[in-house]
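Enquirer: Sequence:
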Amino acid sequence: MTEAEPDYSLLACSGRQLPVAVRGAGCRIWDRDGREYLDACGGAMVLSLGHCHPRLIEVAKRQLAELTYTYRFSFSNERMAELAALIREIAPLRGAWSFFNSSGSESIESAIHMAVLYWQNLGRTDKIGLIARYPSFHGSTLGALGLSGSRWRQPLEMILEKNAVAQTPGADIRARRSEAEELAFGLAQIEDAIVARGAENVGAVFLEPISGASAAAVVPPEGYFDGVRALCDRYEALMICDETITGFGRTGEWWGSNHWAAKPDIVTYAKGVTSGVTPFSGMAISDRIAEVFIRSADGFPFGHTFSGNPLGCAVAAETIRTIRDEGLVARAKQLGARLRAGMDAIAAKSAHVGQVRGRGLLQGMELVSDLDSLEPLAGASGRLAGFARDRGLMIYSCPTPLGGRVIEAVMLAPPLIVSERDVDEILDRLAGAVAALDASPRADAA
567 MTEAEPDYSL
577 LACSGRQLPV
587 AVRGAGCRIW
597 DRDGREYLDA
607 CGGAMVLSLG
617 HCHPRLIEVA
627 KRQLAELTYT
637 YRFSFSNERM
647 AELAALIREI
657 APLRGAWSFF
667 NSSGSESIES
677 AIHMAVLYWQ
687 NLGRTDKIGL
697 IARYPSFHGS
707 TLGALGLSGS
717 RWRQPLEMIL
727 EKNAVAQTPG
737 ADIRARRSEA
747 EELAFGLAQI
757 EDAIVARGAE
767 NVGAVFLEPI
777 SGASAAAVVP
787 PEGYFDGVRA
797 LCDRYEALMI
807 CDETITGFGR
817 TGEWWGSNHW
827 AAKPDIVTYA
837 KGVTSGVTPF
847 SGMAISDRIA
857 EVFIRSADGF
867 PFGHTFSGNP
877 LGCAVAAETI
887 RTIRDEGLVA
897 RAKQLGARLR
907 AGMDAIAAKS
917 AHVGQVRGRG
927 LLQGMELVSD
937 LDSLEPLAGA
947 SGRLAGFARD
957 RGLMIYSCPT
967 PLGGRVIEAV
977 MLAPPLIVSE
987 RDVDEILDRL
997 AGAVAALDAS
1007 PRADAA
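Residue numbers (this note's numbering): 567 to 1012.
Everything labelled a hint here was simulated from the structure, so no lab data went into it.
None of the hints are false.
So the derived label-pair ranges between C-beta atoms look like this:
no., residue 1, residue 2, range
1, Y635, S862, 19 to 29 Å
2, L630, E788, 41 to 51 Å
3, A903, R955, 18 to 28 Å
4, P721, E892, 41 to 51 Å
5, D936, L630, 50 to 60 Å
6, K627, H679, 32 to 42 Å
7, V586, S706, 20 to 30 Å
8, Y635, P721, 33 to 43 Å
9, S939, A896, 37 to 47 Å
10, P721, E745, 32 to 42 Å
11, D910, T691, 42 to 52 Å
12, G958, L630, 26 to 36 Å
Small disclaimer: the values here were computed from a predicted structure and weren't measured.
We put the CB at the ideal spot given by N, CA and C, even for glycine.
Sequences and hints are given; from them, build the entire structure.
Expert: Rendered as structure tokens:
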């Protein structure tokens, strides 16, 4: 597309002209005017290995010349089997089997199908209820959006299932609960939701181990993840972890759920699994769940047109090998600590940063009108993202409704290949953006 050509594609920013990206490499992306941006959020937390990683490009080229598509009801393929074996080695659950799709939303839909069919195969046909949390975001298809406690569900509320009924612990910093109080509160929210719907009717509990785009990297209190596992066991519900953002080393562990001892029954993932080279996603299923479908005459009959796509499988397998070969999980932990220390230092000088939170290279910053009330600073997440973009820094804006408020937060998720120099440059530009927010008239008026 040249500058003179019209653009008829629908964009998410009506009335605002977006820069036209033409090239990406590592942690940086360039627009048509030659401006460089330091990508500190990987677009939408996608770029585990940065833009255009050479190992991924090379494997994609080889696969494109060999086999580009198979239909799951007609063929398996070698790349799918190869990836399933790699997932089995690193998955945060016992004896993992795999199922592959094209997006995080698709994998959540597949997990919903699997949860319902699992109980049906066991003769427990009433266990179709699903419990999820708010704030949360699980995808934009209707089933996934029905699980989400997010602003994105509001225009479609009348047709969505109301599954997000338990509050995410740690999401409301104004409550000022202690760690122990937050733990008790969070577990009570899950248990009360199960009891209210009747344990005999509840088939699964969905949660993000560490919050993603809806709440900007909220980490649960110690003991919460293990406590939810215990509740799922007690009430016979599957524990399903959405690791769309937290998988593949992002938080300084292979998976966000690896930060705790408990093991989920099903894990869904997407985004960083191919570092943006091609759309791809999947779910890992524990052997206990998979065995039920292996014994079933129909197997697992639900899927999508591109389930098990050989190109996606090849790139995903190479992503895993690259993360492992280059020690990037440990690097995410190390440089995540550097990023966090710098963000804490920025927060200490700001009148409008109420909290910094996260793990590894997934860090969030909540913005408030003042440090006494901790009330949200209206519109601050979008304005901070704008101030950052003015400085050539891309961060992710995360406004989300919670209890009659709109929580204002931003998230950083630089590629796992980020260097110390890159982290320092991110922090320098972020500090300038936060200073601009502090000095802006709307901040003063708050």
